[in-house]
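Colleague: Chain by chain, the residues:
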Amino acid sequence: MYTCFMDGLLTFIKRNICAIVMIVIVSAAANSLEVLQWSIPLDLELGAVLAMVILFGRWVFPGLLLASYTTTSIFLGDDNLHAEVLLIVTIVKTITPYMALNILKLMSLDNFFADSRISYQHLAILILLTVLINIIAMYFATLGRELSEGFDLVGHLSRHISGTILGSIAFFSVFIVMHKAYAANLPQNR
Amino acid sequence: MKAVKIILLNNIVAMLMVMMVSSANFALELNISFIGGLLDLPSGARLGALLLFGMTSFPGTLAGTLLSSAIYTDPMSIYAGIVFYDSIAVATGPLIALLMMQQFKLSNFYTSKGIYFPHVIFLCVLTALLTSFSRFLIMTKVDHGLPSDFNLSEYMGSILLGDLFGTLVFFSLLVFMVQAFSEHLKQTSN
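Top to bottom, those sequences are chains A and B.
The opening position of the first sequence corresponds to residue 1 in this note's numbering, with each subsequent residue numbered one higher.
The opening position of the second sequence corresponds to residue 191 in this note's numbering, with each subsequent residue numbered one higher.
Please keep in mind that the hints were generated in silico from the structure rather than gathered at the bench.
Where a beta carbon is used, it is the ideal one built from N, C-alpha and C, also for glycine.
A few of these clues could be false.
[To be verified] Each pair of labels, with its calculated beta carbon distance range:
id	chain 1	residue 1	chain 2	residue 2	range
1	A	I136	B	G271	48 to 54 Å
2	B	K331	A	F5	57 to 63 Å
3	A	S116	B	I286	33 to 39 Å
4	A	I136	B	G347	50 to 56 Å
5	A	A170	B	M191	24 to 30 Å
[To be verified] Simulated crosslink set (DSS-like; lysine-lysine; CA at most 30 Å straight-line):
id	chain 1	residue 1	chain 2	residue 2
6	A	K14	B	K376
7	A	K180	B	K295
8	B	K192	A	K180
9	A	K105	A	K180
10	B	K195	A	K180
11	B	K192	B	K376
12	A	K180	B	K303
With the hints as constraints, model all of the structure from the sequences given.
Modeller: Shown next, in the form of structure tokens:
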């Protein structure tokens, strides 16, 4: 009983550390692309969060929340539009993938792994739904707060949507190729 | 034709991996000052690319290293003149270390359960030694000479430490995520 509990606790801690490190690294990469004023919108963070949610389930929620808060406070800075709603943005960013996942579960569309392969259709629906919920939640979170003059909301949203979709596709593509290469290298698969 | 496609894909993924991790390292060093020099994630990514995709991914690794150094190096820095040679040295180090380990029959990087960390760590140490020595040679030959208070052992130690931490973080993340992914795939295989 005790050993089982300790094993579970250790797995929980390991998964959360993995989630924190992964999100911090990916957010840092996305931040340097922003610093360079990269013309292609690429938000890798959502892809990484979704990967963590799919791989480790709801057990990594504390890790994702902590990682999201850390990255938002480190990389966004005080002069950012989101600085005053930092905590709300953090919670929204962490909860929305779980909300999307639960909606897909209700509609029996959460079979992300089928016949030893990843189901791209279900993954695409999850990405789209997460982006949609994210935008609605962000709208309500920033409702009633003054946006800076000349702020192009439509342009910002279109960049956000295309960035998150492109970022998620890029992250999952790289991860799947890496997984295939790793599996092919194992002695039993050679 | 299929083999060429796979090699091309592997090179693109290796390049993206190195560039993404270099971007992350740049942002982390910029925002969190104590990380500077302590964590060299790109070194882990370069080793990871060579171990995952094999030596055929070297052009991708080299391209990723050259591109990221071209993007993130300050043109006003005193090291700007040697960035090109430095990047070649940094990208070639892991390849030479890997070739050396293969010659000495120490290249069993994979076991049936996953990555064999003792050999990976040895590869990392060897890479760090080769890289730091070649960078030292470049600094003495190409640049305006070394600063008067330059300490070689301290310099090599800092590179070794950064490489080791970077490799450990990169491989731990990779193994943990890939194993979780494989578990999900196994569950749906029947």
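Colleague: Can you list which hints this structure breaks, lowest number first?
Modeller: Failing hints: none at all.
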